[in-house]
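Chemist: Sequence:
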Amino acid sequence: GSPKYSFFIFRYVLRGIASGMFGSIKYLYLDYIGMDKATIGTVASLSSIASSLGKVIAGTFSSKRKILSILVMNLVIAFAYFLLTFSPVLVVPTLLVMVSLLYGLEHIYSSSLMMKMFRNKFATVYSTTITLWSLSSSISTLVVGFIISRYGFRIILLIVSLVFLLLSLVAYRYREIDPVVKNQSRKRNTASSIYTRLKLAFSYRPYMLYEFSTLSMSLATSLSIPYVYIFLLKLSNSYEVVTLLASIHPILNLAITAIQPLIGKLADRFGSHRLLAFSFTLFSLYHLTLSQIIDAFQYLLCLALLSLAIPLNNISIMSFLHDILGSREKDIYLGVSGSLATLPSMIGPVVGGFIARALELRGVFLSSAIICAVSIVPLLGAKRLSISSR
Numbered sequence: 001g002s003p004k005y006s007f008f009i010f011r012y013v014l015r016g017i018a019s020g021m022f023g024s025i026k027y028l029y030l031d032y033i034g035m036d037k038a039t040i041g042t043v044a045s046l047s048s049i050a051s052s053l054g055k056v057i058a059g060t061f062s063s064k065r066k067i068l069s070i071l072v073m074n075l076v077i078a079f080a081y082f083l084l085t086f087s088p089v090l091v092v093p094t095l096l097v098m099v100s101l102l103y104g105l106e107h108i109y110s111s112s113l114m115m116k117m118f119r120n121k122f123a124t125v126y127s128t129t130i131t132l133w134s135l136s137s138s139i140s141t142l143v144v145g146f147i148i149s150r151y152g153f154r155i156i157l158l159i160v161s162l163v164f165l166l167l168s169l170v171a172y173r174y175r176e177i178d179p180v181v182k183n184q185s186r187k188r189n190t191a192s193s194i195y196t197r198l199k200l201a202f203s204y205r206p207y208m209l210y211e212f213s214t215l216s217m218s219l220a221t222s223l224s225i226p227y228v229y230i231f232l233l234k235l236s237n238s239y240e241v242v243t244l245l246a247s248i249h250p251i252l253n254l255a256i257t258a259i260q261p262l263i264g265k266l267a268d269r270f271g272s273h274r275l276l277a278f279s280f281t282l283f284s285l286y287h288l289t290l291s292q293i294i295d296a297f298q299y300l301l302c303l304a305l306l307s308l309a310i311p312l313n314n315i316s317i318m319s320f321l322h323d324i325l326g327s328r329e330k331d332i333y334l335g336v337s338g339s340l341a342t343l344p345s346m347i348g349p350v351v352g353g354f355i356a357r358a359l360e361l362r363g364v365f366l367s368s369a370i371i372c373a374v375s376i377v378p379l380l381g382a383k384r385l386s387i388s389s390r
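By my numbering, the letter at position 212 of the sequence shown is numbered 212, and the numbering carries on one by one without gaps.
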């Protein structure tokens, strides 16, 4: 096939392996090397900040040779994972935060490269590569538990280092297809334009309530994310069980992808606000159930709730924003939403760590359940206000 397709197929399959191998067990590893919950939360928050910063840097300083940039970044990441294998506990957070920063950069460069190369076929190519990513990620997550049980964590870090070395070789092999970007000079005062956009967006009350609702909902999920697998490990005392459960989630997501067009039709029929409120209810039930389970395999019930909640939320959230904005300028509001979207994941894990210290992990999940339920109120307020303001 075409070298452009081959490049992205190799890339996404290998990235899926790396993500399934270490992404799924990152917090388990921090728990294993003896970090307490509050420190794990801090590392998770700093990683999120670093990843967002990476994306901002990539957007501000566009690389002329993106494949070449990706090659260099993958080499540095491979070296970082190699260092992680032998580094003392104190150095681990710094290396993980550095890797997150490079992930952010790499993600933007890779996505913009795909958009440039497949202008008219982007949606098809992207959905195909993401499906390959999900499959390779699920399979490697499944395998990871057995490797840890037999050989420990160190071998995983070495394998991930090797995968990023292979990714560098893929970038080197396909360096010829790198489109050279002409120099674009554009200067504007970013700080003042962000402030102007925020002021404009928040002067519209339904939008302000919408942001309050969706940000508190995101905060609820980011409180608990780093601690779910640590909790399951506590219940099962087996890495195989935890990674088996972790690998089921992407597979369930793939199955749900098939019914996503149906969700769009449901939003049209019953109203996007009802569907979005229902997804918040499912998220709340997920966390409530999680706080009550006494056996790791009962997490399958939580997974069923989560796999329904995520696609419902993803599709109805955009429809709802479209509904409340009516004929207003969409770009400004979308830009503000994008800027604010990363805030909860920057502070949530730290807050979760302190709640865990005071109320144990079940207390964290219960707090998340309550916040999800409360988030429905401003959501319905936004809908009511948007109707009356037309």
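Since the hints were made in silico from the structure, they are not lab data. Beta carbons are placed, not taken as given, at the ideal position from N, Cα and C, and that holds for glycine. One should not assume that every hint holds.
[Said to hold, decoys possible] Once the Cα atoms are required to be at most 25 Å apart in a straight line, the calculated BS3-like pairs of lysine-lysine come out as:
1) K199 - K265
2) K330 - K26
3) K4 - K55
4) K26 - K199
[Stated by the list, open to error] Ranges of calculated distance between the beta carbons of each label pair, as one might list FRET restraints:
5) T281 - R362: 34 to 44 Å
6) S388 - S339: 22 to 32 Å
7) I294 - L343: 27 to 37 Å
8) P179 - L359: 46 to 56 Å
Chemist: Can the restraint linking K4 and K55 be considered satisfied, given a maximum Cα separation of 25 Å?
Modeler: 23 Å, holds
Chemist: Taking 27 to 37 Å as the hint, is the beta-carbon distance of I294 and L343 inside that range?
Modeler: Holds, since I294 and L343 (Cβ atoms, about 34 Å apart) stay within the stated range.
Chemist: Sort out whether K199 lies within 25 Å of K26, counting only the CA atoms.
Modeler: Violated - the C-alpha atoms of K199 and K26 are around 38 Å apart, more than 25 Å.
Chemist: Is 46 to 56 Å right for how far apart the beta carbons of P179 and L359 are?
Modeler: Because 53 Å falls inside the window, the suggested range holds.
Chemist: Within 34 to 44 Å or not, the Cβ separation of T281 and R362?
Modeler: Given about 20 Å between the Cβ atoms, the range is violated.
Chemist: Taking only the CA atoms, is the gap from K330 to K26 under or equal to 25 Å?
Modeler: 37 Å, violated
Chemist: If I claimed the Cβ atoms of S388 and S339 lie 22 to 32 Å apart, would that claim hold in this structure?
Modeler: 28 Å, holds
Chemist: Does the alpha-carbon distance linking K199 and K265 stay inside the 25 Å limit?
Modeler: 34 Å, violated
Checked against the numbered hints given earlier, the structure breaks hints 1, 2, 4 and 5 and satisfies all the rest.
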